[in-house]
Every structure is written in C-alpha cells, then in structure tokens.
Amino acid sequence: MVLAIKLDNVSTVYEGEKRPAIRDITLSIREGEIVYVVGPNAAGKTTLLETINGLLPVFRGSVRVLGLDVRKHGRKVRCQIGYVPQDFMVNSNEPYRTIDVVLMGRCGKVGVLRRLSKVDKEKAIEAMKLLGIEDLANRPIGKLSGGQQQKAMIARALAKDPKILLLDEPFSNLDPESRERLSELISRLNKERNVTVVVVTHDVQQINNSCSRIVVMNNGRIIADGKLEDIVEAAEKILPINFWRSL
Amino acid sequence: MIWLNYTIFQRVIIGCIFTGLLTGLLGVFVVKMRLTAIGYSIAHSAFAGAALGLALLADPLMTALLFSIATALLIGPAADKAKLPIDTITSIAFSLNMALAFIFLTLAPTVGLSSEVASVLWGSIVAITNRDLFFLVVLTSIVIALVYLFWKEIFTIMFDRRMAEADGINTKPFIYFTILMVGVVIAFSLRLVGGILVYALLFNPASSALQFSHDMRKIIVLSPILGVISCISGFFLSLVFNVPIGSSIVLISTIMFAISVIISPKKRREVRT
Numbered sequence: 001m002v003l004a005i006k007l008d009n010v011s012t013v014y015e016g017e018k019r020p021a022i023r024d025i026t027l028s029i030r031e032g033e034i035v036y037v038v039g040p041n042a043a044g045k046t047t048l049l050e051t052i053n054g055l056l057p058v059f060r061g062s063v064r065v066l067g068l069d070v071r072k073h074g075r076k077v078r079c080q081i082g083y084v085p086q087d088f089m090v091n092s093n094e095p096y097r098t099i100d101v102v103l104m105g106r107c108g109k110v111g112v113l114r115r116l117s118k119v120d121k122e123k124a125i126e127a128m129k130l131l132g133i134e135d136l137a138n139r140p141i142g143k144l145s146g147g148q149q150q151k152a153m154i155a156r157a158l159a160k161d162p163k164i165l166l167l168d169e170p171f172s173n174l175d176p177e178s179r180e181r182l183s184e185l186i187s188r189l190n191k192e193r194n195v196t197v198v199v200v201t202h203d204v205q206q207i208n209n210s211c212s213r214i215v216v217m218n219n220g221r222i223i224a225d226g227k228l229e230d231i232v233e234a235a236e237k238i239l240p241i242n243f244w245r246s247l
Numbered sequence: 001m002i003w004l005n006y007t008i009f010q011r012v013i014i015g016c017i018f019t020g021l022l023t024g025l026l027g028v029f030v031v032k033m034r035l036t037a038i039g040y041s042i043a044h045s046a047f048a049g050a051a052l053g054l055a056l057l058a059d060p061l062m063t064a065l066l067f068s069i070a071t072a073l074l075i076g077p078a079a080d081k082a083k084l085p086i087d088t089i090t091s092i093a094f095s096l097n098m099a100l101a102f103i104f105l106t107l108a109p110t111v112g113l114s115s116e117v118a119s120v121l122w123g124s125i126v127a128i129t130n131r132d133l134f135f136l137v138v139l140t141s142i143v144i145a146l147v148y149l150f151w152k153e154i155f156t157i158m159f160d161r162r163m164a165e166a167d168g169i170n171t172k173p174f175i176y177f178t179i180l181m182v183g184v185v186i187a188f189s190l191r192l193v194g195g196i197l198v199y200a201l202l203f204n205p206a207s208s209a210l211q212f213s214h215d216m217r218k219i220i221v222l223s224p225i226l227g228v229i230s231c232i233s234g235f236f237l238s239l240v241f242n243v244p245i246g247s248s249i250v251l252i253s254t255i256m257f258a259i260s261v262i263i264s265p266k267k268r269r270e271v272r273t
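Which chain is which? The protein sequence lines are A and B, in order.
In this text, residue positions in the first sequence follow the numbering used here: the first is 1, and each later residue adds one.
In this text, residue positions in the second sequence follow the numbering used here: the first is 1, and each later residue adds one.
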C-alpha cells in the first residue's frame, strides 16, 4: 500500500523556543488509514498536524506527503489536504457568509487567475449537506454558534475534495448527536473516497471501529502507536486508566 | 469662504474622487488583513520623505514615494520575521519618522511654515497638479484591475491568512503587494490630506463600511464610496470655513464613522415571526 504521510526523524521548533515541540518523530500513515492521535495537553499533537501540512517548518528530519517533500512542495501538498484547526472561532461581525467561507476551501485547488466555477459552488454545497448545514449557507458565519462554525470549517476542508484530512479536535464544540454524525461521516469518506484521516482528539469516545491505529503522544514524542490493544499498556503511563477503559 | 477658479476646482474634485476611491478600497484590505499598524507607519514615513524633499528642494511627491516604498519593502518582511509585537516596531518607526520629518522641515531653506511645508503637514487644495491626477488615475486603474484578477485570493486572505495558507494559497506576495500599494497610495494622497492625517483616510471609510454589511462584496463597494464622500465633503467644508482640507476630510470621515456605529444595521435585533 502507498504511503500517504511519512515523517522521518522529525523535530519542529517554534520561533524563539529552544525546546522542540515535537522531537524525533518517525511515523508512516498508509493511504486510506484512519489514525487517531491522543495525548495530554502540550503533547505536540497540533504541532504534528501543522508539521504534516507544512504550516510549521521542520527543524530536522523530512516530511513526505503523497510522495512529495513538504519543504519543497508545501503549497501543492496543502491543496490536497483538508485541514480543520482547533477551536477556530470567527468574530461575530465578520462580513462573510457561510457559503463564502466553505468555498474558500476550493481556492488553492482552483489556482491563481482562475475564477470559481459552478462546479466549485456545487462542491461547497455538497460539503455543507454532508454536515447538515446547507440551510446556513447565506447566514453570516460570525452569527453561527460555535458548533455550527466548527461544521462550516469541516465543510470547508471537505469542499476541497481532499486526499488527506487533518482534523484537530473536530468534536470539541459539537453536541453528542453531531459528534456521532461526524464520526460516521469520517468512516464513510474513508470507505467511499479512500480519504486518509488523521484526527487529534481528547474525546476517545469517538474513536470507533473504523480507526486503523491510535498514536499516543507525550512531551513531543510518540510513546505508543498501534491498535488499541497493543498500545494500552504504554498509554496508561501517561493517561489515566479510566481514559482507556472508556473506549 | 474661499472662491476657487474653475480649473482648480475641477482638479480638486477629480483628486478627491480618486484619492477617496483608492484609500477606501485599500483601506478594507488594510483593516481586514490587520495591517493598520503598518499603514500608520508608512503614512508617517511618506511624511518624512516629503519633508526631506522640501529640505533638498526636490519634488516632495517623489521623495515621499521613495520613503513609502522603502518602508513598505522593509516592513513587510520585517513584520513576518519580527520577534517583537508589530505595535512595538510601528511605535519605533512612528517616532523615528516624525523625528526625521521635523528635522528635515527645520532644514528646509524657507523659514517657518511656508505654504509648501503646510501643504505637506495638513494637505492643500492648490497643491494637486495635473501630473498628480494622472498618477492617481493610473494607480486606481491598476489597483482595481489587480483586485478583480486576484479577488478570490484577497477575499480568502482577508478572512484568515493562516487558513488561506492551509488551503494552498501563497499569501506573502498578496500581503507584501498590499503594503507596497498602501505606501504608493499614501504618497499620492499626501498633497490632498497631508502627512499627519493621511492614514485616517485609510481606516475611517473602511471601518464605517464594515458597520453596514455582513457581505464583504458590498463592503468593498461601499468603502470607496464613503472615501469619495469624505474627501468631497471635506473639501467643501475647508472652502466654507477656510480650514486645512486634510483636517476637514478627517473630521468628516470620523463623524461618518461615529454615525455608522450608531445606526449600524448589524447591531439591530430583528425578530421574524
């Protein structure tokens, strides 16, 4: 099977910091896998996602996504990645309609000097339908609730028709029913479109049967990587045993 | 009340229209891309440049343009690499530029505030030349054409620069180009509004327009219209009360902002049953 993501001995350091936020990370994710990344606060989970899509430059090591070196082909890679950041909240006065924000996901893929077409708009509406927010298309995004904004950002990532989805705490602002729907949607996209998914979450309840692997991080390092039954022993050292029993 | 001959009157009205259009349009990008501190800094560097022009008996417009472009070219990359908050850098640049401007003004061969010095400080109706108008028209055409061509990228960057990067858009050229355009537009608006107040024309119409709509497309049309209204009304106010045109324009645009905050339809609570 082809590798979608390959990190080789990667360390990332934030500007002005001496201590790497993630260090010596070696990780391979195959095409079509669903990988959940868990760990306590400041474990380096968000840094890992932003290193994969090249928003944060690597200090050491190499990152290859879809066979391309992210350092050299960052923008090309990002056009294929749907990224949902953690707790992205919009000011209530932002002068953007929800449909405009979802459509933005298509901009990089369409390319410079080309206008967004009817097909792009259809993709955006389709993505909104998947999240059940098509009725909110013409509402100002700043006036939506936190959960609705979260869904709009997920729709933006899906509108891109991504080969890889990087989701940072995507369940955080959602009600239980929406969490369940999103969890099912991730599984469906993975099965029907062979989308590779990396999900950072604290909400282990959402880790369902479709999950291929769980990566456990602590202090910027991967301390366990595998199927649930393989990693529990290592993971219990950093996360309370109840955390894992709830799975 | 000042009476102007028809040619000067015509020239000032055209100057007001294009200055208002340009600053109103660019102002939206400056405010939404959070470049207000940078715009403020460039405005004062243009002022220092114009003062240098007076001291050297050179064309103040050209020296203002050089200073603005130099600042714009330096400040864009510096802002990206800065370890300090942008406000700190801007404050340092502001005080440096004001200090330079006043040093250059004292070095100007004419003693005291001659009409040319006053025009650089406060703006002047008669200072606008046909050449300035030509540059303003060309610049407006270029900016409108570029906005049309790159609208989807600009629109996306204004929403959130980091997310635009995550979507595969190269944001740096757009940000740097906006900063550069701000520098050029400020230099050309200097004659009308004056170096001390020119930045207000970048922020006030855009901030007022933002009070009126939740749709960026409407704001991008409304802000230049408010810019033109501010400039033309300010011009008539300065004629009637014989006060500097720059101050009148800023006064009008500030009143406009205050009114827009009060009557903003975005703050209304409408309950549909």
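Hints listed in this document are in silico derivations from the structure and should not be mistaken for laboratory results.
Since the structure is predicted, the reported quantities are computational estimates derived from the model, not experimental observations.
Please note that the accuracy of each hint is not assured.
To be verified - Computed, partial: chain B to chain A, Cβ under 7 Å: (1) LEU73; (2) PHE159; (3) ARG161; (4) ILE219.
Unchecked claim - Taking CB as the label site, the calculated pair distances span: (5) A/LYS72 x B/VAL243: 55 to 61 Å; (6) B/ASN170 x A/GLU184: 33 to 39 Å; (7) B/MET62 x A/PHE59: 40 to 46 Å; (8) B/ILE103 x A/GLU15: 32 to 38 Å; (9) B/THR88 x A/HIS73: 48 to 54 Å; (10) B/VAL261 x A/ASN138: 35 to 41 Å; (11) B/LYS172 x A/HIS202: 29 to 35 Å; (12) B/ILE103 x A/ASP87: 32 to 38 Å; (13) B/TYR148 x A/ASN138: 19 to 25 Å.
Note that the Cβ used here is the ideal one computed from N, Cα and C, for glycine as well.
(Q) Range first: 55 to 61 Å. Now tell me if the beta carbons of A/LYS72 and B/VAL243 are that far apart. (A) Given a distance of about 59 Å, which is inside 55 to 61 Å, the answer is holds.
**Q.** Distance restraint evaluation - B/THR88, A/HIS73, Cβ atoms, bounds 48 to 54 Å
**A.** violated, 35 Å
Q | Consistency of beta-carbon spacing, A/GLU15 to B/ILE103, with hint 32 to 38 Å | A | The hint (32 to 38 Å, Cβ to Cβ) holds, given that B/ILE103 and A/GLU15 are roughly 36 Å apart.
Q. Is the distance from the Cβ of B/ASN170 to the Cβ of A/GLU184 consistent with 33 to 39 Å?
A. Between B/ASN170 and A/GLU184, where Cβ atoms are some 36 Å apart, the hint holds.
Q. Against chain A, with CB atoms and a cut of 7 Å, does the hint on B/PHE159 hold up?
A. holds, 6 Å
Q: Return holds or violated for the Cβ distance of B/TYR148 and A/ASN138 against the range 19 to 25 Å.
A: This hint holds: roughly 24 Å between Cβ atoms.
Q. Taking the CB of B/LYS172 and the CB of A/HIS202, does the distance hold inside 29 to 35 Å?
A. Holds: the Cβ-Cβ distance is about 34 Å, inside 29 to 35 Å.
Q. Is the hinted range of 40 to 46 Å satisfied by the C-beta distance from B/MET62 to A/PHE59?
A. Check passed, 45 Å falls within 40 to 46 Å.
Q: Given the range 32 to 38 Å, decide if the beta-carbon distance of B/ILE103 to A/ASP87 lies inside it.
A: Check failed, 49 Å falls outside 32 to 38 Å.
Q: Return the status of the interface hint for B/ILE219: holds when the least beta-carbon distance to chain A is below 7 Å, violated otherwise.
A: Given a least distance of 5 Å, the restraint on B/ILE219 holds.
Q) Does B/LEU73 pass the interface check with chain A, least Cβ-Cβ distance below 7 Å? A) Violated, about 22 Å.
Q: Against chain A, run the beta carbon of B/ARG161 and see if the smallest gap drops under 7 Å.
A: Violated. Min distance 11 Å.
Checked against the numbered hints listed earlier, the structure breaks hints 1, 3, 9, 10, 12; every other hint is satisfied.
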